[in-house]
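Peer 1: Just so we're on the same page, this note's numbering is the position in the sequence shown counted from 1, plus 1048.
It is possible that some hints are incorrect.
Unchecked claim - Label-pair restraints from in silico Cβ distances: (1) A1225 - A1248: 43 to 53 Å; (2) L1254 - G1392: 16 to 26 Å; (3) A1225 - L1254: 44 to 54 Å.
Bear in mind the hints are in silico, worked out from the structure with no lab data behind them. Positions of the beta carbon are idealized from the N, C-alpha and C atoms, including for glycine.
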Amino acid sequence: MRDYAPTATTPGPENPLVLHVLGARPNFVKAAPVVHGLAELGVRQGIVHTGQHYDTLMSDVFFADLGLPEPVANLGVGSGSHARQTAALLVGLEDVVLAHRPALVVVYGDVNSTLAAILVCAKLHVPTAHVEAGLRSFDREMPEEVNRVVTDALSDILFATSPDALSHLADEGVDPARVHLVGNPMIDSLFSALDRLDPAPVRARLELPARYGVATLHRPGNVDDPASAKELVDAVLEVSRRLPIVVPIHPRGRERLAQAGLVTGGNLLIVDPLGYVDFLSLVRGAALVVTDSGGVQEETTMLGVPCLTVRPNTERPITITHGTNRLVTPALLAAAADDALASGARTPSGELPPLWDGQAGPRIARVIAAWLRGGNLSPAGQAVPPKSL
1049 MRDYAPTATT PGPENPLVLH VLGARPNFVK AAPVVHGLAE LGVRQGIVHT
1099 GQHYDTLMSD VFFADLGLPE PVANLGVGSG SHARQTAALL VGLEDVVLAH
1149 RPALVVVYGD VNSTLAAILV CAKLHVPTAH VEAGLRSFDR EMPEEVNRVV
1199 TDALSDILFA TSPDALSHLA DEGVDPARVH LVGNPMIDSL FSALDRLDPA
1249 PVRARLELPA RYGVATLHRP GNVDDPASAK ELVDAVLEVS RRLPIVVPIH
1299 PRGRERLAQA GLVTGGNLLI VDPLGYVDFL SLVRGAALVV TDSGGVQEET
1349 TMLGVPCLTV RPNTERPITI THGTNRLVTP ALLAAAADDA LASGARTPSG
1399 ELPPLWDGQA GPRIARVIAA WLRGGNLSPA GQAVPPKSL
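Can you build the whole structure from these sequences, using the hints too?
Peer 2: Have a look at this one:
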């Protein structure tokens, strides 16, 4: 059995503690391979669950599906405006970091929990590592883009999932010695679950036919404005005239999307959020996926499922150049769906992204373990790179 949890021993140079800060369901998927990789190397670690995604279907089931240990702290911050949620996270995470005194805090992705953890650690002079560094949409209207830029500016170790991320970080003046191209740990989780991804049981439970589509819609730019939400919903309804569409609804957008007409009826089925294995099983068997999620773009790339991303930009362009993803507007969604369904493509276009091979978690773990052996803090409190990685 893996020993993840911190012991009662006081942390110190010979007993360093790594804390992972997780807030939303994509964080759990990215963290699991890193947690497992560090456990294999005997690194002392613990998980802090901020509760940004707080119900069973949005978080608890992911711990079970991904084999993650119980968190050492659960802040239960819940939902709220960006300011209120981030403020609650700042207060809660400061208490946790002061109580546990970690040698390194690892953050994932671009959610508010990520931003809050980086700010807290910067103020307390605690070294940090960012998994999924360097992704950029170059759209500052996306709250996630602001989180990405700030997180990378303050992180001590930056783990990039794709070559374009390296270029972005170089353009922003990040010291290359702090950056590591490691591949995508989200793909590690997918590979680990592949044998369990059977569409048939989920399809039977939801009473779906053999040919169906999946849609996930939650981005503020799509669902917060009533006019934008209505345009998007009308486009999805048009696609549902081609084939049945099942839509697991994120809590933050449920009411607005329902007001815009996204309700069960005809060829449209609205369901509660699904667990990790159930959702990916559904995606694996889909003829088409419509999304505005970053992670789904990556997962469909690896599963060879046609993906239409309803956004003007993406921080994951590699899913377009090396995968099955395509950016579309709501106005063009139905026509793009016709093209995708007609082609019947079930394999990625061209080569898969480099290092998306299921070994990103062990690569990250090796870098962190080496840093723990050789890293230290300068008198100013800033992390000094390890002697050898």
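Peer 1: Look at each hint and say if it fits the structure.
Peer 2: Now the hints, each set against the structure:
1. A1225 - A1248: 43 to 53 Å: Because 49 Å falls inside the window, the suggested range holds.
2. L1254 - G1392: 16 to 26 Å: holds (22 Å)
3. A1225 - L1254: 44 to 54 Å: Given a distance of about 49 Å, which is inside 44 to 54 Å, the answer is holds.
Of the hints listed earlier, there is not a single one the structure fails to meet.
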